[in-house]
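Protein chains: 2
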Amino acid sequence: MADEAPFQFLHSEVIEYIYKSADSGEENGRNITKLENMGLRVGQGLIERLTKDTARFKDELDIMKFICKDFWTCVFKKQIDNLRTNHQGIYVLQDNKFRLLSHLSAGKQYLEHAPKYLAFTCGLVRGALSNLGVKSIVTAEVSVMPACKFQVMIQKS
Amino acid sequence: MADEAPFQFLHSEVIEYIYKSADSGEENGRNITKLENMGLRVGQGLIERLTKDTARFKDELDIMKFICKDFWTCVFKKQIDNLRTNHQGIYVLQDNKFRLLSHLSAGKQYLEHAPKYLAFTCGLVRGALSNLGVKSIVTAEVSVMPACKFQVMIQKS
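So the sequences go chain by chain: A and B.
Letter by letter, the first sequence follows residues 1 to 157 of this note's numbering.
Letter by letter, the second sequence follows residues 1 to 157 of this note's numbering.
Same shape as in the complex, but just chain A (with noise of 0.2 Å):
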């Protein structure tokens, strides 16, 4: 029932503090990298605990699936809606009913305020996929709240 509510009020927080306690002269990006560097962290520290004891993954494929259902469910108690990929590395991700959002409303004058409810999350996204050997770039999108897409691209090395 409200398994995911301490980490949710606890995440709202966090942007409360950040853009609070930010210089009023400090641009927005700023507050966003914090964010999404927080996120990463975090990232890092579940994956690791998350993959202790699971068999090694076949490949990228594989990885994004743990991601998109173990990794989405122990933060997000829900699985990720839909997975796809152009097979040259990028993957969609779509969560059809986004937790982080779900508290905002879904009227479009909020879809500004998207962005920063997002940033830590991309992070988790990026963190969890570096430690499991895959160095990404991470963005999202929203079109219609509280729907949205995470786009994952592999950086080939």
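Because the hints were derived from the structure by calculation, they are not lab data.
Any given hint could turn out to be false.
[What the hints assert, rightly or not] Heads up, simulated DSSO-like pairs for lysine-lysine below, C-alpha to C-alpha not over 27 Å straight-line: (1) Lys116/A - Lys97/A; (2) Lys77/A - Lys77/B; (3) Lys78/A - Lys77/B; (4) Lys20/A - Lys65/B; (5) Lys78/A - Lys69/B; (6) Lys116/B - Lys20/B; (7) Lys108/B - Lys97/B; (8) Lys69/B - Lys20/B; (9) Lys52/B - Lys77/B; (10) Lys52/A - Lys78/B; (11) Lys97/B - Lys97/A; (12) Lys69/A - Lys69/B; (13) Lys149/B - Lys52/A; (14) Lys77/A - Lys78/B; (15) Lys78/B - Lys69/A; (16) Lys77/A - Lys69/B; (17) Lys20/B - Lys78/A; (18) Lys156/A - Lys52/A; (19) Lys20/A - Lys108/A; (20) Lys52/A - Lys69/B; (21) Lys77/A - Lys65/A; (22) Lys77/A - Lys149/A; (23) Lys20/A - Lys52/A; (24) Lys77/A - Lys52/B; (25) Lys78/A - Lys65/A; (26) Lys97/A - Lys108/A; (27) Lys78/B - Lys78/A; (28) Lys116/B - Lys20/A; (29) Lys135/B - Lys20/B; (30) Lys77/A - Lys97/B; (31) Lys20/B - Lys97/A; (32) Lys20/B - Lys116/A.
[Unchecked claim] Example chain B residues on the side facing chain A (calculated, C-beta under 10 Å, incomplete): (33) Glu4; (34) Glu16; (35) Ile18; (36) Asn37; (37) Gly39; (38) Phe66; (39) Ile137; (40) Ala140.
Cβ atoms here follow ideal geometry from the backbone N, Cα and C, with glycine treated the same way.
Once you have looked at the hints, place chain B on chain A.
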């Protein structure tokens, strides 16, 4: 298994962030206050959600039992191990394996770091109680990690 992990990791990052971003001249006390305030607001939000469908509480003790059972389980996935009271407004909640300390080594040299891992939870309890109409002062004390005692002093008005 790792149900409370997202919350735990985020909690650690918040402490890290607050301590890092503080001016070096700033004393520890201010950071503790920030963490306590953050906990306060999370506690207020959480208790509101948790008590949405519960029956009215009989008395103060009834409220404290709810904090020890339902509220604690929601946040820490376990109940308080022991609740004691002097029946004059002081309650001692003992958690023998407090989750937010369990990643610290039990060595005595780490005891001095304990307060920063407890401040958020003191606020959490105070916030929950305040939304149930109970004004309180909450302090915490650790003797042997990861066991921990929270003392709640009810403020009669």
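Taking the hints in turn, this is what the structure says about them:
1. For the given pair, Lys116/A sits about 17 Å from Lys97/A by alpha-carbon distance, which is consistent with the 27 Å threshold.
2. For a cut-off of 27 Å, the pair hint linking Lys77/A to Lys77/B stands: about 15 Å separates their Cα positions.
3. Between the alpha carbons of Lys78/A and Lys77/B the distance comes to roughly 18 Å, so the proposed pair stays at or under 27 Å and holds.
4. In summary, the hint linking Lys20/A to Lys65/B is not supported, as the alpha carbons are separated by about 35 Å, beyond the 27 Å threshold.
5. Only pairs whose Cα atoms come within 27 Å are accepted, and Lys78/A paired with Lys69/B is accepted, the gap being roughly 25 Å.
6. Among the hinted pairs, Lys116/B with Lys20/B is consistent with the structure: their alpha-carbon atoms are about 13 Å apart, no more than 27 Å.
7. With a CA separation close to 16 Å, the supplied pair Lys108/B and Lys97/B stays within the 27 Å bound.
8. With a C-alpha separation of about 34 Å, the suggested pair Lys69/B and Lys20/B falls outside the 27 Å cut-off, and the hint is violated.
9. Restraint check for Lys52/B and Lys77/B: the C-alpha separation of about 20 Å stays at or below 27 Å, so the hint holds.
10. For the proposed pair Lys52/A and Lys78/B, the alpha carbon gap of about 23 Å is at most 27 Å, so the pair holds.
11. For the suggested pair Lys97/B and Lys97/A, the alpha carbons sit about 34 Å apart, so the restraint of at most 27 Å is broken.
12. Distance hint between Lys69/A and Lys69/B is unfulfilled; the C-alpha atoms sit about 30 Å from each other, more than 27 Å.
13. For a cut-off of 27 Å, the pair hint linking Lys149/B to Lys52/A is broken: about 31 Å separates their Cα positions.
14. Only pairs whose Cα atoms come within 27 Å are accepted, and Lys77/A paired with Lys78/B is accepted, the gap being roughly 18 Å.
15. Our distance criterion of 27 Å between C-alpha atoms is met by Lys78/B and Lys69/A, whose separation comes to about 25 Å.
16. Simply put, Lys77/A and Lys69/B have alpha-carbon atoms about 22 Å apart, close enough for the 27 Å limit, and the pair holds.
17. Simply put, Lys20/B and Lys78/A have alpha-carbon atoms about 33 Å apart, too far for the 27 Å limit, and the pair is violated.
18. Among the hinted pairs, Lys156/A with Lys52/A is consistent with the structure: their alpha-carbon atoms are about 25 Å apart, no more than 27 Å.
19. As the CA atoms of Lys20/A and Lys108/A are separated by approximately 24 Å, the hinted pair is consistent with the 27 Å bound.
20. A C-alpha spacing of about 30 Å is found between Lys52/A and Lys69/B, which places the hinted pair above 27 Å, so the restraint is violated.
21. The suggested pairing of Lys77/A with Lys65/A holds, with an alpha-carbon distance near 16 Å, which does not exceed 27 Å.
22. Taken as a hint, the Lys77/A and Lys149/A pair is honoured in the structure, with Cα atoms around 17 Å apart against an allowance of 27 Å.
23. Restraint check: the Cα-Cα separation between Lys20/A and Lys52/A comes to about 37 Å, which exceeds 27 Å; the hinted pair is violated.
24. Taken as a hint, the Lys77/A and Lys52/B pair is honoured in the structure, with Cα atoms around 20 Å apart against an allowance of 27 Å.
25. For the hint linking Lys78/A to Lys65/A, the alpha-carbon distance of about 13 Å falls within 27 Å, and the restraint holds.
26. Proposed proximity of Lys97/A and Lys108/A is supported: the alpha carbons are some 16 Å apart, at most 27 Å.
27. Among the hinted pairs, Lys78/B with Lys78/A is consistent with the structure: their alpha-carbon atoms are about 22 Å apart, no more than 27 Å.
28. Straight-line distance between C-alpha atoms of Lys116/B and Lys20/A comes to about 21 Å, which keeps the hinted pair within the 27 Å bound.
29. Taken as a hint, the Lys135/B and Lys20/B pair is broken in the structure, with Cα atoms around 32 Å apart against an allowance of 27 Å.
30. For the proposed pair Lys77/A and Lys97/B, the alpha carbon gap of about 25 Å is at most 27 Å, so the pair holds.
31. With a C-alpha separation of about 34 Å, the suggested pairing of Lys20/B with Lys97/A is violated against the 27 Å cut-off.
32. A C-alpha spacing of about 21 Å is found between Lys20/B and Lys116/A, which places the hinted pair at or below 27 Å, so the restraint holds.
33. For Glu4/B, the interface hint holds, the least distance from its beta-carbon to any beta-carbon of chain A being 8 Å, beneath 10 Å.
34. The interface hint given for Glu16/B is met, as the beta carbon of that residue sits about 8 Å from the closest beta carbon of chain A, less than 10 Å.
35. Below 10 Å, beta-carbon pairs count as interface contacts, and Ile18/B has one with chain A at about 8 Å; its hint therefore holds.
36. The interface hint given for Asn37/B is met, as the beta carbon of that residue sits about 9 Å from the closest beta carbon of chain A, less than 10 Å.
37. Hint status for Gly39/B relative to chain A: holds, with the closest Cβ pair at about 9 Å, below 10 Å.
38. With its C-beta approaching chain A no nearer than about 13 Å, Phe66/B sits outside the 10 Å limit, and its interface hint is violated.
39. Hint status for Ile137/B relative to chain A: violated, with the closest Cβ pair at about 21 Å, above 10 Å.
40. A least Cβ separation of about 18 Å between Ala140/B and chain A goes past the 10 Å threshold, and the interface hint is therefore violated.
Checked against the numbered hints given earlier, the structure breaks hints 4, 8, 11, 12, 13, 17, 20, 23, 29, 31, 38, 39 and 40 and satisfies all the rest.
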